[in-house]
Amino acid sequence: MTVSRRRATAAAAILTAGALALAGCAKGGGGGPAATGSSGGAATPTKPLENKAVSSITVGTAADSTGPATPVPGAKPGGTVNMIDRDDFSHLDPARVYLNYNATASSLFTRQLTGYRRGADGIKLVGDLATDTGTTTDGGKTWTFTLKDGLKWQDGTPITSADIKYSVERLYAPFITEGPTYLQQWLVKGDYRKAYEGPYNGKSLDAVETPDDKTVVFHLQDPHPDLNFTLAMTGYGAVPKAQDTKEKYDKKPFSSGPYQIVSHVTDKSLDLERNPNWDPKTDPIRNAYPEKWHMEFGVQAQNSTERFLADSGADKTAMTFHNAVAAERVQEVLGNAEAMKRSIQGLTPFTTFYNLNTKRLTDVKVRQAITKAWPAKQLQLISGGEVNTGKIATTVMSPTVLGYEPFDLYGVLAKPNGDPEAAKALLKEAGQPNPTVVYAYNQTPTQEKITVAIKDALTKAGFNVVAKPLNPATFYDAIGPVDNKYDIYWGGWAADWPTGSTAIQPLFDGRLIADNASNYSHLNVPEINDAIDAANKITDAAEAGKAWAAVDKKIMEQAAIVPEYYQTYFGLYGSGLGGVEFDPIQGEQSPLNVYVK
Amino acid sequence: MFRFIVRRLIGAAVIMLIISAVTFFLFYAIPRDPARAFCGKICSPTNLELIRHNLGMDDPLFVQYWHWLTGIFTGRDLVQFGACAAPCLGYSFATQEPVFAAILDRFPVTVSVTIGAAVVILSFGIITGMIAAWQQGKPLDKIASTSSVIGASLQIYFVGPLVVFFVVDSMGLLPRPSYIPFTENPAGWFVHLLIPWVVLSIIFTANYTRMTRSVMVEQLAEDYVRTARAKGMSGRTVFLRFAWRGAMIPIVTIFGVDLATLLGGTIITEQTFTLHGIGELAVRAVQNTDLPMLLGVTLVGAFAIVILNIVVDLLYAVIDPRVRLG
Amino acid sequence: MTTVTWDREPATPRGPGTFLSVRDLSVEFSTEDGVVHAVDSLSFDLQKGTTLGIVGESGSGKSVSNLAILGLHDPAYTKLGGEIWLEDQDLLRAGRSTMERLRGNRIAMIFQDPLTSLSPYHTVGRQISEVYRKHKGASRAEARARAVEMLERVGIPHARTRVDDYPHQFSGGMRQRVMIAMALVCDPDLLIADEPTTALDVTVQAQILDLLKDLQQQFGTSIILITHDLGVVATTAHNVLVMYAGRAVEQGTTHEVLREPRHPYTWGLLGSMPKLTSNVDLPLLPVRGTPPSLLNPPPGCPFHPRCDHRRLVGGDACATERPELSPAEGHRDACYLTLAQKRETFDGKIKERL
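Protein chains in written order, with the numbering used here: chain D, 1 to 597; chain S, 1 to 326; chain X, 1 to 354.
Rather than coming from a laboratory, the hints here were simulated on the basis of the structure.
Some clues are possibly wrong.
[Claimed, not checked] Computed list of lysine-lysine pairs in DSBU-like fashion (alpha-carbon distance at most 35 Å, straight line):
1) S/K142 x D/K246
2) S/K142 x D/K553
3) D/K359 x S/K41
4) S/K41 x D/K203
5) D/K391 x S/K142
6) S/K142 x X/K79
7) D/K415 x D/K377
8) D/K251 x S/K41
As the structure is a computational prediction, the values presented were derived from the model and not from experiment.
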């Protein structure tokens, strides 16, 4: 899944100043609810953010795939949960869902063949509509899934294998352009757009077979041992043929999950009520305690932080999926013991890094020297510290990816402000004591400061730094071309599912280099390309994880990027809710185990 | 009068046409490809091309503009979104809803905020300004003038959350601001919008207090006002019938401009109180490089301005018989 | 006939027929720069049915003293002293509502510029009739009929339709007629005309003055005519009051003041007025210098810095001590020159140039 890019870009700047000014008032004045508890500076809990890594992620068994979901102690059903967030869900048609906050909402009414079950023993990939995580006998080229008994759409009609086939077929329709494209590509030869035009003109897709009402067979062109992870994406959720309204389906999808949509007013509200035809016994993932959901959009982070701190009225039973604590209120929240009890922290799948353009910086020693000289800690402080950014990263893969191994090839954590002497030594070895590097950056106030720090640090190591400001609106268009004229530029990525194949391959497979493609560092090392292919063939998830960790190390040896952060999430919810959890797969608050106290 | 209105309306249409064209072509001056917003994370060139075709972006610019323009009168059919009935302003790139429907849906919010605030602003601003002018140099005048300076220097995003915190969260006197259609529940409409109105008024009222005071003081020094007093007209009559009549012209002028600005979207107010009006649409359209929405809200803003200009001109003629419409 | 009395005793009973009696009137304005003595110890009487011309330069206090009669000053910035008796009522001590009842009703005023003095926002009919309604309690219809009647009386053609027109739809002369109609709608006892013809062209001036005279003859209205134009005074006024720096410097009947002017300032005023019959080669004799500042009036005779005849007086009385009006009755002036010196100087040096 993709994490929305909006958190990386500055929020509406016009509002920031006022909210800052207000910070003191709301807390100190009037003895409002937010001021309760010991919130003095001395009592501030200073523990670092928990690293809720999911490297314990495993593939579950058929037993794990049976419902109901693992109950939350003390939880009770009923009530209405309010959800406040900045943006409406841009897409709800599963085929068009890619962004994480769309996926989070969809989990309440859209089910896929597979999904992630959370329990005491970590996160497991389990069958959601399917009885298990699928079976393959030929290394991942042919996959068979069997549907559970008792699955129904919101109108009571059964969910059949034909529905699953249809859901895949409509992914090829011309108006479906926003979602993931893995499955479409894997099922056909060549360009999938040309191979099949979708089901609307009566044509069907032979690569998906339905021998009976319960069985779906996928015939892939090449082996993909982690297809069962791929199918857990909301993008591969089920859509019933009888209810397909094509373009309009996006506003009001038909439910296979615990809730159905009552009304959806774009950019304003989304109301859900219990789907009477959802049977918890078929669902290992969703507890779905509340009777109803009321979601309200257009609430800026400043406003939601304010409301969670005030914790009054209907906001007591409110949560947010995506809104984080407003950056300027973070310190205040950290110092508020009562609010901290209702806070959510965790590592998201989102990683950020600085691409080193290997097409221009051809000498690996020079790239390593940049990594060595990098003032990581200083940059983190400029951006607001760990809570506002994330943990300093030293690898390509995030701790949220299956197989993640922590390593720190360049001693960044030991010398977080850079090691100019070591960098100088590397440059000397390279025979280029004073190379010129062009650093391209988004021209925002924070980025200006960061650029100064980077320039200082690299200059100390002997680099001659040319800073090139870019318009934030067209940043990606500027760095997109393969022959761009920059050496260092920022980037971010989130794995579409928590394995190395989406965490690593799109960024570092040298055969995928193209204008505007995601391999922005243009790394093309045959050894790495081969290692990627090899890892992709491993059917055992744990073994594959190890292989990907090895690829990760190889890439870091090449110094194709300077890792920046494993991004963290820090959010609040109302005191009237229990079971609010962090979802490391989506990197935001999870709605699945929430209950009204 | 009729000919004046017809002529001005034709002029307004021309202005709107120019504004839409300028916005349209300026948008394409930004080196950014809106089609990429519809392309997944791993965006293949075929996919991108398909989207461009779906959005009609593979046509030359002026053809695209022509399609957009004719769509307003005849409707269009867009692959990415389906049919779009006239008046079709296209579909939002970001939310994929019809622009016209989105604007129509949000206009009542902005209108409600605007109208309510306008009533408060006008009544309070003018009354305090009148009192200040009446009590020129006396304590009441000084209080009114000082508080108007304070009011004018306050900001919505500062006062707004503060008022919400005390009135809604702490004391629970009023519900959290939101929009409830007037037609559904007039009382609810009123109490839910009261805070935005009052907060918005605090800032604007100050301007009107100061302006009313200064134009009234000016008018009171006019010869014809002296004549009225020399005729034995009572102080109140002189103040309200004579001086006020002359003071209305500058006030109507400024108010017309302010009203148009408010109707074009009370961006900060809407964001502060989480109201879903035109302003919010405008901000999102800019953030998302959402051309159809951008064009739509720009046109709404322009429309409000040109229409209110005509109304202001008509009002001039009503207030001042010397003004000829022609 | 008419007399102007020069009694300085406020308590002195006023003669029979005296309608308006101003006693020792002083008007002071407080400004940021200090106190302006706009009118200082001004006294005059006005008989029923007569016209008093008040002449003087701009800023000599003509208008200010008359605004004081109407009570139109801003009390916050103005200090008034003395007494203004309208029959047996002291206007300076009358309440606000009393004054409102008098204004436009018993005392009416015509202003200099009819364009700015009429409300541009209301029809002339409304502006006239509202006065009538206010003071006479007439109905809307009655007041409107009265407005039409008044417009007819002041010579506005098609009054019945023009009553609904706005001031900007009238010519300058017609507008002044409207002003007069408005002033006279309640048959006032006293009409104060402040430069009523200054803004009008000459032919219209004459018509307006004739109109005022006719109306006076018909209704016996007393008129105070404020002007800087001695020609207007000569044809209209019975008595003349010459003001300089807020004070009266010469008073008398029109005949006396214009034929045998005694004060050097009056000579100056007469000398600066061109005549059709005078020799075009002879230059006019304007008063040299500029009017004095009323913030700090010069000591002694306020006219002394501009006076050409001081040496005749001898000593420095002119520069130190203020000359009082003398004699007590009849034609009198405030100057240290002897009556003989005045007569000699006027006959010898001034008259020929007029």
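### Query
Of the hints stated earlier, which fail here?
1, 2, 5
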